[in-house]
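Peer 1: One line per chain: the protein sequences are A and B, in this order. Residues in the first sequence are numbered from 1 upward in steps of one, following my numbering. Residues in the second sequence are numbered from 276 upward in steps of one, following my numbering.
Quick caveat, the hints were computed from the structure, so don't treat them as lab data. Each residue gets a CB set at the ideal place from its N, CA and C atoms; glycine is no exception. A hint or two may mislead.
Stated by the list, open to error - Derived DEER-like restraints, expressed as beta-carbon distance ranges:
hint : chain 1 : residue 1 : chain 2 : residue 2 : range
1    : B       : His415    : A       : Gly202    : 28 to 36 Å
2    : B       : Glu287    : A       : Ile83     : 28 to 36 Å
3    : A       : Gly155    : B       : Gln373    : 42 to 50 Å
Claimed, not checked - Anything over 12 Å on all C-beta distances counts as not near chain B; from chain A, calculated:
hint : residue
4    : Phe6
5    : Glu7
6    : His69
7    : Arg107
8    : Arg144
9    : Gly150
10   : Val261
11   : Arg265
Unchecked claim - Part of the chain B face toward chain A, derived, beta carbon under 7 Å:
hint : residue
12   : Glu303
13   : Thr317
14   : Lys332
These are the residues of each chain, in order.
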Amino acid sequence: MIPASFEYRRAGSVEQALGWLSEDPDSTKLLAGGHSLLPLMKLRLATPGVLVDVGRVPGLSYVRDAGDHVAVGALTRHRDVEISDVARAHVPLLAHVAGQVGDPQVRHRGTIGGSIAHGDPASDLPAAVLALDGVLVIDGPRGRREVGAGDFFRGFLETALAPDEMLTEIRVRKAPGGWAFQKFNRRAQDWAIVGVAAVVNGGARVALVNMGATTVRARGTEEALAAGAGIAEAAARAPEGLEPPSDLQGSAEYRRHLATVLVRRALEEATAAGG
Amino acid sequence: MQVTVTVNGKTESHDVEARMLLVYYLREVLGLTGTNVGCDTTSCGACTVLLNGESVKSCTMLAAQADGEEITTIEGMASSDGVLHPIQEAFREHHGLQCGFCTPGMVMAIASFLKEHPDPTEAEVREGLEGNLCRCTGYHNIVQAALAAARPGALAP
Numbered sequence: 001m002i003p004a005s006f007e008y009r010r011a012g013s014v015e016q017a018l019g020w021l022s023e024d025p026d027s028t029k030l031l032a033g034g035h036s037l038l039p040l041m042k043l044r045l046a047t048p049g050v051l052v053d054v055g056r057v058p059g060l061s062y063v064r065d066a067g068d069h070v071a072v073g074a075l076t077r078h079r080d081v082e083i084s085d086v087a088r089a090h091v092p093l094l095a096h097v098a099g100q101v102g103d104p105q106v107r108h109r110g111t112i113g114g115s116i117a118h119g120d121p122a123s124d125l126p127a128a129v130l131a132l133d134g135v136l137v138i139d140g141p142r143g144r145r146e147v148g149a150g151d152f153f154r155g156f157l158e159t160a161l162a163p164d165e166m167l168t169e170i171r172v173r174k175a176p177g178g179w180a181f182q183k184f185n186r187r188a189q190d191w192a193i194v195g196v197a198a199v200v201n202g203g204a205r206v207a208l209v210n211m212g213a214t215t216v217r218a219r220g221t222e223e224a225l226a227a228g229a230g231i232a233e234a235a236a237r238a239p240e241g242l243e244p245p246s247d248l249q250g251s252a253e254y255r256r257h258l259a260t261v262l263v264r265r266a267l268e269e270a271t272a273a274g275g
Numbered sequence: 276m277q278v279t280v281t282v283n284g285k286t287e288s289h290d291v292e293a294r295m296l297l298v299y300y301l302r303e304v305l306g307l308t309g310t311n312v313g314c315d316t317t318s319c320g321a322c323t324v325l326l327n328g329e330s331v332k333s334c335t336m337l338a339a340q341a342d343g344e345e346i347t348t349i350e351g352m353a354s355s356d357g358v359l360h361p362i363q364e365a366f367r368e369h370h371g372l373q374c375g376f377c378t379p380g381m382v383m384a385i386a387s388f389l390k391e392h393p394d395p396t397e398a399e400v401r402e403g404l405e406g407n408l409c410r411c412t413g414y415h416n417i418v419q420a421a422l423a424a425a426r427p428g429a430l431a432p
């Protein structure tokens with residue numbers, strides 16, 4: 001499968017990339033590792049006229065200890081997040097989930113910024129960033145802005161990013177308590193049919209993969225735990241208010257059931273781990 | 276656009292379409308047909324090559340993205356006098372292939388994996404090969420070959 005023709009430009013800086021984006025934002029796409037965009041282009045589901053390759057923009061690949069949070073450059077590859085000592089020490093959930101994306105080859109190329117900006121509801125990293133109360137740093141022609149993960153993921157492949165903006169940094173709050181990630185799929189390397197990222201530290205934040213048009217929090221579970229419910233009772237409320245998709249992997253009803261099981265397992269694991 | 280890539284130690288420079296995928300550059304421009312196209316959807320791993328020493332799926336990368344980088348394909352594994360790379364030798368010893376279609380990708384994936392995990396367990400090998408599909412042998416001998424390549428002599432054929 002061959003993508004439709006496009007003009008290729010390699011950006012040397014964020015400013016240059018933003019300049020090219022602003023020329024024709026609606027038909028220009030940013031290319032980082034290419035592991036979300038290129039498959040779509042090969043299927044001709046995406047046909048950008050101009051592809052701005054930001055893969056070599058210097059200074060955007062890092063995992064830094066920034067006091068109360070960890071800052072991750074948007075171009076940091078999944079493999080580099082997975083093995084980062086800073087991530088493992090302060091946000092082990094993020095390091096673990098980065099190591100669950102796709103397969104080793106995918107993790108060598110794919111970037112955290114690309115995965116977050118793509119906003120696929122079946123992706124693992126958006127749920128991890130949501131559970132960790134992440135903040136997305138966005139640069140654009142109107143300057144820099146910061147958007148909380150809860151406001152960033154808006155719908156199916158839809159985020160708060162405007163067509164002329166670029167995600168440059170992902171900030172996640174240090175999570176010293178318990179955590180867990182549950183991913184249920186039929187074969188290795190598959191997308192999650194349902195996934196759960198949980199952080200338990202006094203309160204609990206529980207984010208779900210593939211339980212809606214975008215990554216969502218299990219509000220029913222969080223409310224139940226806040227009101228003093230036990231894990232089993234809280235997990236039973238995981239699908240409350242959610243509209244999971246039906247597809248070849250499972251019906252919406254199956255996903256609702258799976259969410260209750262996986263949330264229970266995640267909460268048990270996170271609690272045992274020190275939540 | 277002009278793309279200059281070092282492939283198996285040799286510098287190559289060609290004018291290619293921006294949309295040309297790396298795997299087609301290797302196969303059709305350079306004639307290195309050892310790298311196979313299987314699923315063409317980033318799943319099967321038949322097109323795995325090394326980019327600066329790390330495994331990548333060359334069906335999901337533009338040739339333009341490899342500009343200035345070093346690529347190693349299956350053709351670059353055996354030495355110039357025909358002596359097989361230890362991973363290739365382990366595949367031969369342990370009968371790690373049947374039809375052979377997935378083999379180049381398996382060998383390249385294992386080369387990258389063993390750099391990251393020099394002393395792997397069997398479970399780690401199996402997880403490490405999750406990006407490569409084989410439709411004939413059922414993986415057992417592929418895993419044995421990877422373990423043998425990691426520990427020469429540890430597994431008698």
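Peer 1: Hints first: check each against the structure and report whether it holds.
Peer 2: For each hint, the structure was consulted:
1. For the pair His415 (chain B) and Gly202 (chain A), the beta carbons lie near 48 Å from each other, so the given range of 28 to 36 Å is not met.
2. Taking 28 to 36 Å as the suggested C-beta distance range, the pair Glu287 (chain B) and Ile83 (chain A) conforms, at roughly 31 Å.
3. For Gly155 (chain A) paired with Gln373 (chain B), a C-beta distance near 46 Å keeps the hint of 42 to 50 Å intact.
4. Under the 12 Å C-beta cut-off, the non-interface status given to Phe6 (chain A) relative to chain B is violated; the minimum distance is some 6 Å.
5. Chain B draws Glu7 (chain A) into its interface by the beta-carbon criterion, the shortest separation being 7 Å against a cut-off of 12 Å.
6. Every Cβ of chain B is farther than 12 Å from the Cβ of His69 (chain A); the closest lies at roughly 28 Å, confirming the non-interface assignment.
7. With 12 Å as the threshold on Cβ separation, the claim that Arg107 (chain A) sits away from chain B is violated: the shortest Cβ distance comes to roughly 9 Å.
8. The non-interface label for Arg144 (chain A) is consistent with chain B: the shortest C-beta to C-beta separation is roughly 27 Å, beyond 12 Å.
9. No beta-carbon of chain B is positioned within 12 Å of the beta-carbon of Gly150 (chain A); the least distance is around 30 Å.
10. For Val261 (chain A), the requirement that its beta carbon stay farther than 12 Å from each beta carbon of chain B is met, with the minimum near 23 Å.
11. With a minimum CB-CB distance of about 20 Å to chain B, Arg265 (chain A) clears the 12 Å threshold, and the non-interface call stands.
12. For Glu303 (chain B), the interface hint is violated, the least distance from its beta-carbon to any beta-carbon of chain A being 11 Å, above 7 Å.
13. Hint status for Thr317 (chain B) relative to chain A: holds, with the closest Cβ pair at about 6 Å, below 7 Å.
14. Hint status for Lys332 (chain B) relative to chain A: holds, with the closest Cβ pair at about 5 Å, below 7 Å.
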